[in-house]
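**Q** Sequence:
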Amino acid sequence: MRHHSFLIIVAVALGGFGSTTFGNDIWPGFRGAGDGHSSAKDLPVTWELRGRSRGSWTIRLPGYGQSSPVVWKDRVFVTSVSGEHKERLHLLAFKLSDGEMLWQRDLDGTQKVKDSDAVSRGAPTPVADADRVYAMFESGDLFAFTHAGEPVWSRSIVQEFGEFKGPHGYSSSPVLADDRLILQVSHGGPSFLLAVDRATGKDIWKTAHPSQTGWSTPAVFRHDGITGVIASTAGSVRAFDVVSGKELWFVTGINGNSTASPTIVGDLVLIGSSGERGGGGGDSSRGGRPMGEAGGATKSEAPRGDGGRPGFTRPDPKTLFSAAIRLGGRGDVSSSHLVWKNNQVTAGYASPVVHGDLAYFVNRTGVAQGVDVRTGEIKFQQRLPGQQWASPVANGEHVFFFGKEGTVLAVKSGPVWEEVGESSVSTTDIVYGVAAIEGAWLIRTGRGLIKLSNPNL
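Position 247 of the sequence shown, counted from 1, bears residue number 247 in this note's numbering, the numbering being contiguous throughout.
Here are the simulated DSSO-like pairs of lysine-lysine, each with C-alpha atoms no more than 30 angstroms apart in a straight line:
1) 112 - 165
2) 202 - 246
3) 206 - 246
4) 73 - 412
5) 379 - 341
6) 95 - 41
Restraint-style ranges between C-beta atoms, simulated for each label pair:
7) 101 - 419: 35 to 41 angstroms
8) 74 - 179: 21 to 27 angstroms
9) 202 - 54: 44 to 50 angstroms
10) 108 - 332: 39 to 45 angstroms
11) 54 - 103: 23 to 29 angstroms
12) 428 - 241: 44 to 50 angstroms
13) 241 - 417: 36 to 42 angstroms
14) 101 - 243: 37 to 43 angstroms
15) 163 - 428: 31 to 37 angstroms
No lab work stands behind these hints, which were simulated from the structure alone.
Positions of the beta carbon are idealized from the N, C-alpha and C atoms, including for glycine.
With the hints as extra help, turn the sequences into a complete structure.
**A** Structure below.
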């Protein structure tokens, strides 16, 4: 493992987004608290790759991973896998301030799948609370460790309930709700949601749902006195009661919704869908990056399902749309609670983020769309510097887009597209995910972890 300073000069940026409920030194799971919002102050907005910034570092990780980093105060947790059949699982903890490795746990995987660019590779993001960090792997193994690296409990989900079936592997991240940890297993075999006691790892409930392939992470919501969790899988969106596991409501007739995770905003849940060609409408352009017709992929841009991210089939165009669903109701709410649907709004690997009245979607070919949260109207769309596998982050007055190849674009939030600056991260690997904490970004690449600090702090 190599550890060395990351050379940069950071130029400007202050901000704080007040909707999150955790501290500015905590980014506990996938997309932070599950919505891509950060209230962290002094985040770098633009930077140049020269000079030395105090507190910045880069680390070479074992194997390969597509998960995002998570942060709990002075600790950064990250996962990866290695071996010809991804049989070695790695969970590591680093000191946030200087990147010192605090501990590394090398574990054995249960379900072994030959490593390739067509399957997930350490894709689920761990989740942390004040006492423990929980890590799920596509091998079907679930672990809980203390922040000091002591094992608490472990389980093999595939030994208990059967191996994962279907293309591209497993990538859904665990989420926390009340005293329980929740897993979504949506694949070609018997599919289910599982809630376990986060202290003991024992089952609280297990609820089956239709066997529909899905790689998205469930979203937790609170509405009308109920804490629920939403699972979005190919063909339907379903809400379950966190306490009992009982299905509350469902929406069918939607397709292409198996990758982007649901986003909760007020009394709505946004669902991003995508077809094989990425979608998008209109004909807008930005300096040197013209959009193809209707914002879709050209033949040369057609997605390949590379890097272990799920590819797409060709669903019926009538069912291929992004949507907003009003929370509440019981049973089939496909008609009564569908607030809007728009087949010109599409999401690829990145999940949408909401800032003010706009939702920011990014399709598979790297086109960003600003969509009115309440109506589904597209206010603007612009081609980004490249494809985006990491989900965008909202902070202060900015929204940040992290390109697959390391280009980072900051835009000012609002109904008009306004670019603040474009920067880059030095990497030969794909950028998969980020964490935003006070004064710094943590950026995950396939084989590395980068901390990008504001030098003015």
